[in-house]
Amino acid sequence: MATPVLDKVEAESAASPYITVTFRIRRFNPEVSDEAQWQDFRIDIDPKERVLDGLHKIKWELDGSLTFRRSCAHGICGSDAMRINGRNRLACKTLIKDINPSKPITVEPIKGLTVQKDLIVDMEPFFQAYRDVMPFLVTSGNEPTRERLQSAEDRERFDDTTKCILCAACTSSCPVFWNDGQYFGPAAIVNAHRFIFDSRDEAAEQRLEILNDKDGVWRCRTTFNCTDACPRGIEVTKAIQEVKRALITRRF
Amino acid sequence: MKIHKYDTVIVGAGGAGMRAAIESTKRSRTAVLTKLYPTRSHTGAAQGGMAAALANVEEDNWEWHTFDTVKGGDYLVDQDAAEILAKEAIDAVLDLEKMGLPFNRTPDGTIDQRRFGGHSRNHGEAPVRRSCYAADRTGHMILQTLYQNCVKEGVEFFNEFYVLDQLITEVDGVKKSAGVVAYELATGEIHVFQAKSVIYASGGTGKFFKVTSNAHTLTGDGQAACFRRGLPLEDMEFFQFHPTGIWRMGILLTEGARGEGGILRNKNGERFMEKYAPVMKDLASRDVVSRSIYTEIREGRGCGPEGDHVYLDLTHLPPEQLDAKLPDITEFARTYLGIEPYTDPIPIQPTAHYAMGGIPTNVEGEVLADNTTVVPGLYAAGEVACVSVHGANRLGTNSLLDINVFGRRSGIAAAEYAAKHDFVELPENPAERVEAQVERLRASTGKERVAALRLELQECMDANVMVFRTEQTIKTAVEKIGELRERYLNVSVQDKGRRFNTDLLEAIELGNLLDLAEVMAVSALARKESRGGHYREDYPNRDDVNFMRHTMAYREVGDDGNESIRLDYKPVVQTRYQPMERKY
Ligand SMILES: Cc1cc2nc3c(=O)[nH]c(=O)nc-3n(C[C@H](O)[C@H](O)[C@H](O)COP(=O)(O)OP(=O)(O)OC[C@H]3O[C@@H](n4cnc5c(N)ncnc54)[C@H](O)[C@@H]3O)c2cc1C
Ligand code: FES
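Chains A and B, in that order, give the protein sequences.
Okay, so the first sequence: first residue is 69 according to my numbering, each after it adds one.
Okay, so the second sequence: first residue is 957 according to my numbering, each after it adds one.
In short, the hints are calculated from the structure, not lab data.
Some hints here could point you the wrong way.
Taking lysine to aspartate or glutamate and the EDC-like style, the derived pairs with C-alpha atoms no more than 20 Å apart in a straight line are [claimed, not checked]:
#1 B:LYS1539 to B:ASP1500
#2 B:LYS1166 to A:GLU117
#3 A:LYS116 to A:GLU103
#4 A:LYS125 to A:ASP166
#5 B:LYS1484 to B:GLU1537
#6 A:LYS165 to B:GLU1287
#7 B:LYS1108 to A:GLU221
#8 A:LYS125 to B:GLU1391
#9 A:LYS231 to B:GLU1276
#10 A:LYS116 to B:ASP1300
#11 B:LYS1108 to A:GLU117
#12 A:LYS231 to B:GLU1112
#13 A:LYS165 to B:GLU1537
#14 B:LYS1054 to A:GLU221
#15 B:LYS1043 to B:GLU1015
#16 B:LYS1166 to A:ASP114
#17 A:LYS125 to B:ASP1500
#18 B:LYS1108 to A:GLU211
#19 A:LYS312 to A:ASP281
#20 B:LYS1452 to A:GLU129
#21 B:LYS1108 to A:ASP200
#22 B:LYS961 to B:GLU1112
#23 B:LYS1166 to A:GLU129
Residues from chain A that keep clear of chain B, each with C-beta distances beyond 12 Å, as calculated [unchecked claim]:
#24 ASP108
#25 ASP112
#26 LYS185
#27 PRO243
#28 TRP286
#29 ARG289
#30 PHE292
#31 THR295
#32 ASP296
#33 PRO299
#34 GLU303
#35 ILE316
#36 ARG319
Since the structure is predicted, the reported quantities are computational estimates derived from the model, not experimental observations.
By construction, the Cβ of each residue, glycine as well, lies at the ideal position given by its N, Cα and C atoms.
Given only the sequences and the hints, what does the whole structure look like? Please build it.
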């Protein structure tokens, strides 16, 4: 076994030059004004830090009223999806250096959901669509005493869609959803996929019927925005295609 | 102010809260109040797995698991509780599987299991495969599965409601739980929830450290609410420092990485854990590994220009294994450090991870007002609670287990209590304290800023009460915390509005952190021994004669209005196992 080379990592990290970055943030507070507006903040920050660190710096040092959701700070909880330089991303998973900090970094709320304050949107319609696809295992018959068996391949079949953190980056990047909030949206379909292709589940038909609706899976125009937006790397469009195919073939 | 009435109110929608809710919703009218959307809870960050002696891949049994838990906790574990934990583990895992949790599978189609620190076969002979897992996102899958089942059961959630006060009414000389007071983030409105039973499941308090694996929102709100109402906090000096946090950031890299064969190395490339734990090596218990890392660093064998970290080396593992078993943590290394774990070792340092202490409960989840008296109608489960199954040091994979076993138990117990009892009358002006607190912060024109005080607190905690402690460092911390508490009175917020005022809530959360940091430091100062996660360089040995006992900290308010902390002690429940020296 080779002894790892130990000094590679350090060279870079020794010096950490701060740079000055402009954050151009879409502000909205109906307690103050009905109009949203852009506001610029200039801060000094290590480009290896996250956009979330930049937002915190602004909130903690410049303007406490800047409002956004966050919790885990490492891409797991799904709180901080926002539009950064025009693309949906998690602020905690986007490093400043990776998004051209020499220009102003624009930060806006995700689209298609009602903005409540600054970067906070109303998530209720999003979660409602999720709840509507029966996102839980349905089985019949007697419970086995031990676990239900599932082969590694059957488990693998829906592995990708179990990664979803319900951040809404995909759904709020979808042009169909922007135009019509009734559309279930990619995230709900991803979570239906997670159960439709689970060998233990028995409600695939019911879920497929739900998604066969006029606001269901057929609205998808395969623009791939959702796949590009997913911070968990889920192949969202592929999952939607698989659901469409299952609707036609009734095989899953 | 709005008043609501429910049989059972659950504070928190992480693993413990939702596991409780699934039970209590079936049996009583239940409301779950949570400051985050349920799926945002930090249970979702858990990676490695959940322990249960399923014996799917090799011989194992719950008695060995009990022993490991007791030993791992440096014998401060209540052994009756540990036995329940280990026995009920098996059903807890099977229940989750039946609820839909997609565990990794063995070639036979059963739940796969892997090694984890401190879990052994036959009382320490060799590592055993006991951790049930779903890649390195076990916590994510638990949180999702429980939320899915809450949707199925129609659990009623109040999302982004911050519980800020516990209501207690004295009835015939007995202090009973009457409900809670919550602040609604969206509107700034204050809500009183009258309830027959209340369960705290509000999670940990790691945010008083700077380098931590904990979320920004883990600020000990539940512990603080109970403590301020005169209820004790148990064993708060015991905090776990996980050996492998990403250097400087604290983001966790699961112990499962070492379970899969990962190795810790110093700047000379040496596998230093061989020296400190000849049998378990890199999989010794966390307190042992964290101290070993810092010993290497202190003795000049740390890596990097400042010699302030060591390496987690995964480079000898096949890329396919990393992709299949550790996809998330390898991606963290790529995203946050720009490092490719296939070919380069990952710089790590210990990170503040888990509160062993918390609100004292018995094995039904009932909260204790002192060493023996139960507070009728009040329950706690999960990281906020101290049962105590983790003693002085929690074993990896035992917390996801704890939240399921004791979440379930408290959900059942609280609902049954509600079925048999009537509402307790609310105190007069139930929202008074919270209203005053909120108004004071909103109106304050003081010069102190929340973020600055919080950073000073975190730096002080990292420097003085982390992996190594001495009388002197702890005293420094106590003094500093006292100063910060004074300055906190002059804190003001910039956002004076009502809608989504997170500025205000951060100020309130800081108040909780300060209170709990003080309890931790004061408890640590009095424990003149080393045990588990509490290591005193001035008292490097465990002292069973004087300190085989739980700390119980109470807030006292003198006649002059001054607050102080009173310490008392509670015996440890010992059944099968006599304390022995801990060797790995
Ligand atoms: C990175 C990481 C990895 C881990 N890996 C493992 C592992 O592999 N195995 C293992 O066994 N353990 C692991 N742990 C530990 C374990 O995950 C946690 O201890 C456990 O999940 C805590 O669950 P909980 O339900 O008690 O709290 P949480 O999941 O933290 O939930 C707390 C809940 O309380 C709510 N809340 C908080 N304050 C308030 C308030 N004032 N009002 C209303 N609601 C409130 C929050 O909204 C949230 O819903 C890990 C921990 C971390 C940080
Ligand atoms: S803060 Fe949790 S995903 Fe970004």
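Cross-check of the supplied hints:
1. B:LYS1539 to B:ASP1500: It holds: about 16 Å lies between the C-alpha atoms, which stays within 20 Å.
2. B:LYS1166 to A:GLU117: 16 Å, holds
3. A:LYS116 to A:GLU103: Given pair A:LYS116, A:GLU103 is violated - Cα atoms ~34 Å apart, limit 20 Å.
4. A:LYS125 to A:ASP166: 18 Å, holds
5. B:LYS1484 to B:GLU1537: Status holds; Cα separation ~18 Å.
6. A:LYS165 to B:GLU1287: 17 Å, holds
7. B:LYS1108 to A:GLU221: At roughly 27 Å apart (the allowed maximum being 20 Å), A:GLU221 and B:LYS1108 break the hint.
8. A:LYS125 to B:GLU1391: 29 Å, violated
9. A:LYS231 to B:GLU1276: Answer holds: A:LYS231 to B:GLU1276 is near 18 Å, not above 20 Å.
10. A:LYS116 to B:ASP1300: Holds: A:LYS116 and B:ASP1300 sit about 19 Å apart, inside 20 Å.
11. B:LYS1108 to A:GLU117: 40 Å, violated
12. A:LYS231 to B:GLU1112: Violated. A:LYS231 to B:GLU1112 sits at ~25 Å, over the 20 Å cutoff.
13. A:LYS165 to B:GLU1537: Distance ~50 Å between A:LYS165 and B:GLU1537 Cα, so the pair is violated.
14. B:LYS1054 to A:GLU221: 19 Å, holds
15. B:LYS1043 to B:GLU1015: 15 Å, holds
16. B:LYS1166 to A:ASP114: Holds, because 18 Å separates the two Cα atoms, which is no more than 20 Å.
17. A:LYS125 to B:ASP1500: 47 Å, violated
18. B:LYS1108 to A:GLU211: 17 Å, holds
19. A:LYS312 to A:ASP281: Roughly 12 Å between the alpha carbons, so the hint for A:LYS312 and A:ASP281 holds.
20. B:LYS1452 to A:GLU129: Roughly 16 Å separates the two Cα atoms, so the pair holds.
21. B:LYS1108 to A:ASP200: 11 Å, holds
22. B:LYS961 to B:GLU1112: Since the Cα atoms of B:LYS961 and B:GLU1112 sit roughly 13 Å apart, the hinted pair holds (cutoff 20 Å).
23. B:LYS1166 to A:GLU129: 18 Å, holds
24. ASP108: Non-interface label on A:ASP108 holds, nearest chain B Cβ at 18 Å vs cutoff 12 Å.
25. ASP112: 16 Å, holds
26. LYS185: Answer for A:LYS185: violated, closest chain B Cβ roughly 4 Å.
27. PRO243: Consistent with the label, A:PRO243 stays out of reach of chain B, its closest Cβ about 26 Å off (over 12 Å).
28. TRP286: Non-interface label on A:TRP286 holds, nearest chain B Cβ at 25 Å vs cutoff 12 Å.
29. ARG289: Given that every Cβ of chain B is farther than 12 Å from that of A:ARG289, nearest at about 28 Å, it holds.
30. PHE292: 21 Å, holds
31. THR295: 17 Å, holds
32. ASP296: With a cut-off of 12 Å, A:ASP296 remains clear of chain B, as the shortest Cβ separation is near 17 Å.
33. PRO299: 10 Å, violated
34. GLU303: Check passes; 14 Å lies beyond 12 Å.
35. ILE316: The claim stands: A:ILE316 keeps its Cβ more than 12 Å from every Cβ of chain B (closest is about 26 Å).
36. ARG319: Holds, since 21 Å exceeds 12 Å.
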